[in-house]
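Visitor: In terms of this note's numbering, the sequence shown opens at residue 571 and continues consecutively.
No false leads were slipped in.
Here are the computed distance ranges between Cβ atoms for each label pair:
1. I583 with V607: 38 to 46 Å
2. R635 with I673: 55 to 63 Å
3. I650 with I673: 34 to 42 Å
4. A660 with P636: 30 to 38 Å
5. Q587 with T619: 18 to 26 Å
These are computed hints drawn from the structure, not numbers from a lab.
Note that the structure is predicted; figures quoted are calculated from it, not measured.
Just so you know, even glycine gets a beta-carbon here, dropped at the ideal spot from N, CA and C.
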Amino acid sequence: MPHPDHHPAAIEIHHPQPLTHPAAVPLAAVQPGPPTVQSIVLPDGQVITGYTLTPTPPPAPVQPRPAVSRTAVNIALGGIGFGAICGGLALLTTFIAALTAFITQLIILAAVIFGGWIAVQLFGASHRDGGTTVNIRKAVIKRSHFHG
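The task is simple: from the sequences and hints, build the whole structure.
Guide: Dropping the structure here:
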């Protein structure tokens, strides 16, 4: 029950009015230079004055980016190339070591064969009479003089 001293106030109900859009005004091509002033008369009689706006062009379509960046691909390819070069250098050093060992063995073999040939020439038996001939001279020492 309402209090006897209070009188209910009149209740005002406001219903929103939908806005009516003015008729579309075609835009004229804007010449470069100082901005032009344009006035628009709304259907209710209001006049709106302002600068004309140039419509902004739509944004350029975004190019899809590749899943992997080019920099990452270049770094990966550089690493693969470096690895291939290191493998080739390892093979090259192995080849040089094997070639050095082979040449060393050839030199030792030549020294053994040549040394054996020299030894046979120096110490080999002479085959003149079917035996070994050794010439020995008898040395006579008189008064600290050697006579041979």
